[in-house]
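Participant: So the sequence lines, in the order shown, correspond to chains A, B, C, D, E, F, G and H. Number 116 in this note's numbering belongs to position 116 of the first sequence; there are no gaps in the numbering. Number 250 in this note's numbering belongs to position 250 of the second sequence; there are no gaps in the numbering. Number 242 in this note's numbering belongs to position 242 of the third sequence; there are no gaps in the numbering. Number 161 in this note's numbering belongs to position 161 of the fourth sequence; there are no gaps in the numbering. Number 85 in this note's numbering belongs to position 85 of the fifth sequence; there are no gaps in the numbering. Number 140 in this note's numbering belongs to position 140 of the sixth sequence; there are no gaps in the numbering. Number 125 in this note's numbering belongs to position 125 of the seventh sequence; there are no gaps in the numbering. Number 44 in this note's numbering belongs to position 44 of the eighth sequence; there are no gaps in the numbering.
Just so you know, the hints here were simulated from the structure itself, not pulled from any lab data. Nothing here was measured: the structure is a model prediction, and the numbers come from that model. Hints may contain errors.
To be verified - From the structure, some residues in chain B lie toward chain D, with a derived Cβ separation under 8 Å:
1. 35
2. 65
3. 114
4. 131
5. 155
6. 156
7. 208
8. 209
To be verified - Heads up, simulated EDC-like pairs for lysine to aspartate or glutamate below, C-alpha to C-alpha not over 16 Å straight-line:
9. F:167 / E:34
10. F:196 / F:169
11. F:167 / E:33
12. D:167 / G:34
13. C:196 / D:17
14. H:167 / H:144
15. D:167 / G:33
For glycine and all other residues, C-beta sits at the position ideal for the given N, C-alpha and C.
Number of protein chains: 8
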Amino acid sequence: MTPDQLREVLGAVAAGEVTPEAALTRLARFPVEELPFATVDHARGLVQGQQEIVLCEGKNADQIVGICGALAESSGTFLATRADEVVRERLTARFPRATANALARTVWLAPDPRPGPTGRGTVLVVTAGTADLPVAEEAAVVAEALGNHVERLTDVGVAGIHRLLRKSDALRQAAVVIVVAGMDGALPSVVGGLVKAPVIAVPTSVGYGASFGGLSALLAMLNSCASGVTVVNIDNGFGAAAAASRINHA
Amino acid sequence: MTPDQLREVLGAVAAGEVTPEAALTRLARFPVEELPFATVDHARGLVQGQQEIVLCEGKNADQIVGICGALAESSGTFLATRADEVVRERLTARFPRATANALARTVWLAPDPRPGPTGRGTVLVVTAGTADLPVAEEAAVVAEALGNHVERLTDVGVAGIHRLLRKSDALRQAAVVIVVAGMDGALPSVVGGLVKAPVIAVPTSVGYGASFGGLSALLAMLNSCASGVTVVNIDNGFGAAAAASRINHA
Amino acid sequence: MTPDQLREVLGAVAAGEVTPEAALTRLARFPVEELPFATVDHARGLVQGQQEIVLCEGKNADQIVGICGALAESSGTFLATRADEVVRERLTARFPRATANALARTVWLAPDPRPGPTGRGTVLVVTAGTADLPVAEEAAVVAEALGNHVERLTDVGVAGIHRLLRKSDALRQAAVVIVVAGMDGALPSVVGGLVKAPVIAVPTSVGYGASFGGLSALLAMLNSCASGVTVVNIDNGFGAAAAASRINHA
Amino acid sequence: MTPDQLREVLGAVAAGEVTPEAALTRLARFPVEELPFATVDHARGLVQGQQEIVLCEGKNADQIVGICGALAESSGTFLATRADEVVRERLTARFPRATANALARTVWLAPDPRPGPTGRGTVLVVTAGTADLPVAEEAAVVAEALGNHVERLTDVGVAGIHRLLRKSDALRQAAVVIVVAGMDGALPSVVGGLVKAPVIAVPTSVGYGASFGGLSALLAMLNSCASGVTVVNIDNGFGAAAAASRINHA
Amino acid sequence: MTPDQLREVLGAVAAGEVTPEAALTRLARFPVEELPFATVDHARGLVQGQQEIVLCEGKNADQIVGICGALAESSGTFLATRADEVVRERLTARFPRATANALARTVWLAPDPRPGPTGRGTVLVVTAGTADLPVAEEAAVVAEALGNHVERLTDVGVAGIHRLLRKSDALRQAAVVIVVAGMDGALPSVVGGLVKAPVIAVPTSVGYGASFGGLSALLAMLNSCASGVTVVNIDNGFGAAAAASRINHA
Amino acid sequence: MTPDQLREVLGAVAAGEVTPEAALTRLARFPVEELPFATVDHARGLVQGQQEIVLCEGKNADQIVGICGALAESSGTFLATRADEVVRERLTARFPRATANALARTVWLAPDPRPGPTGRGTVLVVTAGTADLPVAEEAAVVAEALGNHVERLTDVGVAGIHRLLRKSDALRQAAVVIVVAGMDGALPSVVGGLVKAPVIAVPTSVGYGASFGGLSALLAMLNSCASGVTVVNIDNGFGAAAAASRINHA
Amino acid sequence: MTPDQLREVLGAVAAGEVTPEAALTRLARFPVEELPFATVDHARGLVQGQQEIVLCEGKNADQIVGICGALAESSGTFLATRADEVVRERLTARFPRATANALARTVWLAPDPRPGPTGRGTVLVVTAGTADLPVAEEAAVVAEALGNHVERLTDVGVAGIHRLLRKSDALRQAAVVIVVAGMDGALPSVVGGLVKAPVIAVPTSVGYGASFGGLSALLAMLNSCASGVTVVNIDNGFGAAAAASRINHA
Amino acid sequence: MTPDQLREVLGAVAAGEVTPEAALTRLARFPVEELPFATVDHARGLVQGQQEIVLCEGKNADQIVGICGALAESSGTFLATRADEVVRERLTARFPRATANALARTVWLAPDPRPGPTGRGTVLVVTAGTADLPVAEEAAVVAEALGNHVERLTDVGVAGIHRLLRKSDALRQAAVVIVVAGMDGALPSVVGGLVKAPVIAVPTSVGYGASFGGLSALLAMLNSCASGVTVVNIDNGFGAAAAASRINHA
């Protein structure tokens, strides 16, 4: 419960508009909806500035449809990530206006009418290699759903550094840069040295052997020799986009 | 070499103002100064928007004084981090106008006159426990040196959650929040759920046993259930401040 | 062999009621039943205060049915955990009175008549997210089978802290609290700061990337900044319930 | 802020006893004292049932004396753990009534008069080997300070199992058993099989080579084949005692 | 090439029985048979005292049948381990006299006539739980194939210590004890304290969560507080039997 | 962009042959082809001396065929590694002249006419065991495609050291030795002590239990007691061949 | 308590020679001596065939002298390992007949008169490099104290394989071989392939970087491609000797 | 023993020039010198093409002086690495002609007269940051001692990529490139993409927090997205130089 909410209720109680017990009940209930398997948080948009987004992994299809339905009813929009093929079909069947993205594994029910992008500038999603695309695309879709203008720069890993350097203009014009890379995780260090904007590094599980499921890229990014690089979890395109959107809307 | 630099030189060559070989030489030299043990990068301020900052760990005192001297001469300012007691004394003896901070282990030669803070708002440094203070203070000093207004919130770990909740106003007013925590690394998740601003999590090596030198806090932060939290290296107050400053000046 | 058992036998030998060799034989045999693939321990209820519970993982269906049959015959009850669909069907076909729980992956043959709950109070199972429910449900079923009154609190992770705080009454009324969480494993630290009761933390393998199969939550919980939190193995709802039941019956 | 606190304040506001703003201020201040380097939580005794205990590691001597002084003034008692020789001398010089324990590395200012033990029974601290004694003694001192009757069983590791079995009576009479062991961490599994009481396992960093600073014992304990064993952090005698005291006072 | 072999050839050359080049050729060829995908070592029985045993994992069925055929032809016997169902069928179809063991995943073509056991005494295979049986059975089959008398003791884990203690006679009569355990890996420490014979500990991948595929048991066994315990790789029943047979035949 | 490229363009601009803007455009485009999902680097052969090779893992079949097609069109040749059965069939159907190798999981479209081997000498691929053959074969195929003469030495692991020693001549005649081994990773240390040539060690994921997917062999090789051994990633036959070819063509 | 001990007591009780309570007391007391900080196990020699050996690490000098004194008094002999310089001086001052070994860090009070070696043959301690000597010497001293004839083979690592091969006779004549090696841990695999005797591998913490304190050698040894190799903890010369002595006396 | 050596001896025996026993003795003795603590391998120069180099870590000063003396006597030269200050003084006092390098921690007794560099070209040692210099300097000194022409490129890490690109000519002219980098280990990937020569990557332990003593750089380098990069152990400048020299002399 935030001070503002408390302040408002205290005022109403002082004004005799509500009894203490009624105030207590209201506060206790707000702003949460209890499903049998989830406690949907309708206040998240107010408090955190972003709608709650549904991570499908670990939930079954019935649970996912239930949660998305509750969000759609209350707000007219939802975004589901890590949605496998079955879930994507269930959701698009139930919500025909929703769009599924197989590469990004997302289903988005955009608000109607869909608002234009907000935020101060462009979120640029830079990808080291083709195999990193699913994670990059998740980041791009989430960033768009959160109201950002998004551009993409693909397959510009550091082993052929000229592929990146020829795109210096695009890099320097972005408000926030998301860099998606597996294997040696070297790309964010180079990008971080070329731009003034905040750089969010996303390690991917791409690579074999001693990449240990993305650990090599994760550690490299945490140890980036470029200052101003921050890191999110392995394969966490969603988290990078959420952070980028906070930055772009700050 | 950036497109802009290339464009300018190509124009001069076309205009016959410089010969191709002279242009090549100029491009190759710019903007680097070679010391016997370091290649000082005077262009970093232009390219990355931030002065190069000297990490003292792994360098000996002579090297540090030499690099700081080169920076002081070219720009009138330097900031040294991870400076132990010997280095702090060497630097303040050599640069009497510089100020050392023992808790943060920094030495800062501020520009003269010292400019006021720039950036869109306040960088708030939130600390879970008293033992996390050295890392938090490094973040605060670096953020100030990079031109940000900084505020602090100390010892508000989640085991006594009311200590944090009573500071909701301060949290919500910050433009960027840096959260410094060791042990369970739980604080960024709670803070991330209370604010709209970007949250940068700094794991510390505080804790015993299975904290494994900060690994527990690092992993917890990378897995934060609050979206929009990004992470820097263990004990890396410097990196958090550099990222926060990029965000605050974006 | 315990001192009590030895005392009783020594008395019988001294009284001439049994010969030394007969005593030796009896002691050596008690209280174990040897199947070809298992040594069933019928004394566990006496010594440890809890019936032996059958972990199905790593055993084949024939072995499981055999062990459960031996327990059913000697005590009229058994509880099997980590029972996959095939095993659940085999057991319910063989023991029609047994009840299977697909979410918890358990099969329980309750005693007949089924006794009411014992123990000093309520075991409260608190869950951070929907994806943690299978582990939480295993804990709940086992705690019930061990004679505890159980209540549940679902999807109250720390990223929306008000979802938890509004349930403070339920938290403070529990005799033991089991907290089930994956990802950052932050929930037990917050809960541990809100209650006087013992808190048992169960890390789950929920999360992606650097959760490393639950390692992040495990380490966070072991490093909880709230005192009085103890931890069990990853996804070990059974172990948490067994410990909670010991506490509730102490 | 808990519902009870809120209920009380709402009642006072409704009764016109306090203005909304005054209520808000009071709630925001309660019950915390801000030192420059710490936010002392005087409510912890009320909420968690245990006084806040001061972990000295990572704090300097001045900070420790300051925090202990604030606690002594408000409650007449404090307990400091992980106090090295310098800190122990500083604290006993400043608080002559306090007692230092070099093996346990603690300083305790007991309440005056010192109350007798409360709780339902005995907390038994069982130690595998002589080298585990510092951790075991920390557990014993903390448990006593938290109002428990404590007994000790020393050097009864499983490689000479008869040393343990001859103490079966003491084991079975305890209300809670804390088992402290390094190396193979095998003792809690055996103890867990001999008693009905809750067993709290404390891995220690004792051992060489592949004990990896206590990791071997920690993992073994988390995987204990005896049900009802819970685990705390490596060398965390304090945490085991806090949990044991919660159990013993539940 | 061993000194003995060299000595023999040097003698023959000195005696003029063979030319230097012929000697060189003979030495270079002995005692290896080159298949396209393997270099079969027919001298292993002479040098190491044990026949080469075929590990099937990582080889395809054609390769396995080829290698086993080469061994069968030269020596009349082979033993294949980690043979999956397909491989077992291929081998028993090709060598009708061979016997497959599904639990142990072995196929053994015993010498004809099959010799009685050699070695100084009994190899006792002790198993902690039912789920450890496949590894234990692999050890038992290999030890028998290597000419040892083998006995088994099943499901005597330390959580019910009396199940083990009642078998003290069997334990003390063994010449070598192989102890197979997963989870906490505690059993070898207890067994090592009860016998004078060498104890070989085999960690298994049985367990969940933080057993990390047998790592917990492996580390516990390497840190056994009982002296005289040695360890082999996780799930390596074969290796334990080979070592036990060397000891039993020393 | 390299100095040579820049020098050439500057000369053309000075000569008035191209306008600055045209020069800029040309430089920015060279030598990269943008597909929707990849940025194909046609300059790699010039800069690195080796054609770009397509790693199929993480790419779908359409992407792979597209990239290989672009390479085939521009250079008449491609090499794809880690190609599963589906990809191999797609590629050989589309490029009938290409040859697939199922053991090595490669598809190679050789130049037509196929040039003879270049380089200073032989690349010798030494394999410890039969299960290491897929990795060794990948190395051999890639080395041949890169223009090297390749020979093989199979199943000469150190447990039967005479199998290796009898091949000393072949070892000493190689220009570069690639040693492929799993399990204990001991073979490169022995080979490194027998030859003067550079030795490239390739750890494989062959082994069970504590081989941890090749980690044991990787660490052993990095710690080789023979000097002059360098290491590539686990199972990375491709990388070893690329390095060997650089050495052989240096 | 073993069956034999129980049988004897039961007989005495049946014969009326002792009362049940007296028997119970005697059994409970046997054969342990309780010091304030240790439970000395005088029965270990009987049960395990080896005297208890005192590991000094983690114990202070007073505790060590106390425990050694209790052993000296009851048996006339003790052996202390991991004794630093202070402890060695304390023990040799207190027990003038004891001999200290600085390289092995041991103090041994031999029985008087000192018995000749027992056991079936020679324990051969093979060392890979000079830096491994402290661990090897600990193994040698312990093996001698446990009644074995010991020989040494030093600095015969696999990078110069001929150093080892020229000692084949010594290797093949040993009853047990202890192989001590750090870095790549390759030596036991080669030795295991040259002898029929049991091989005990001791990894050492010798090496830099990715040896990770002996982990590389430990993993390599656990994955040895030579069958019949067992492993003890890192730097655990004592454990290897204890195991070797069990084997040599079996 | 190599075939050539054997061939020669067999010829002499056949010719009656030596008796079989004398031949056996000669073969067994060659070419090793046994010190009490080391087996010096005088044949290494012949077999591996490089003199044995003395790693001082883990050896005491007497042992080091002894081994270096044996090498100096037999060959007139030695090179000692990882020599701390005490050892450097001991060696330069004993061998006045030897030169010590404090940064590289080496002592080199060059042959007299000192031969000029051999090998095909230049070994270029590239360093990412100032703190990596000790490792880089060890590589440079060892490469020079092994007969290579060496050049250096310092402080050209990827965060300021133009520092590296302006040195493209130097990079492309090297015969072998050694790249020394800590933290993110990104530099070898960029360098590998700019040159045709073999690239040897040396991870350093430079960095803090999650660099984990060089693990981050090590993993990044093993996963380099540039082909043809091989890796040596952390901080292993010696190993990189030995490999580079093998390549340069191949």
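Participant: Next step is simple, just say for each hint if it's right about the structure.
Facilitator: Going down the list of hints, with the structure as the test:
1. 35: violated (37 Å)
2. 65: violated (28 Å)
3. 114: The hint is violated - residue 114 (chain B) has no Cβ within 8 Å of chain D, the shortest such distance being about 24 Å.
4. 131: holds (3 Å)
5. 155: holds (4 Å)
6. 156: Holds, because the Cβ-Cβ distance from residue 156 (chain B) to chain D comes to roughly 6 Å (cut-off 8 Å).
7. 208: Residue 208 (chain B) check passes; min Cβ-Cβ to chain D is 6 Å, inside 8 Å.
8. 209: holds (3 Å)
9. F:167 / E:34: Given pair residue 167 (chain F), residue 34 (chain E) holds - Cα atoms ~12 Å apart, limit 16 Å.
10. F:196 / F:169: holds (12 Å)
11. F:167 / E:33: holds (13 Å)
12. D:167 / G:34: holds (12 Å)
13. C:196 / D:17: With a Cα-Cα distance of about 31 Å, the restraint between residue 196 (chain C) and residue 17 (chain D) is violated, given a limit of 16 Å.
14. H:167 / H:144: Distance of about 22 Å is beyond 16 Å: violated.
15. D:167 / G:33: holds (13 Å)
In this structure, the earlier hints numbered 1, 2, 3, 13 and 14 are contradicted, and the remaining ones agree with it.
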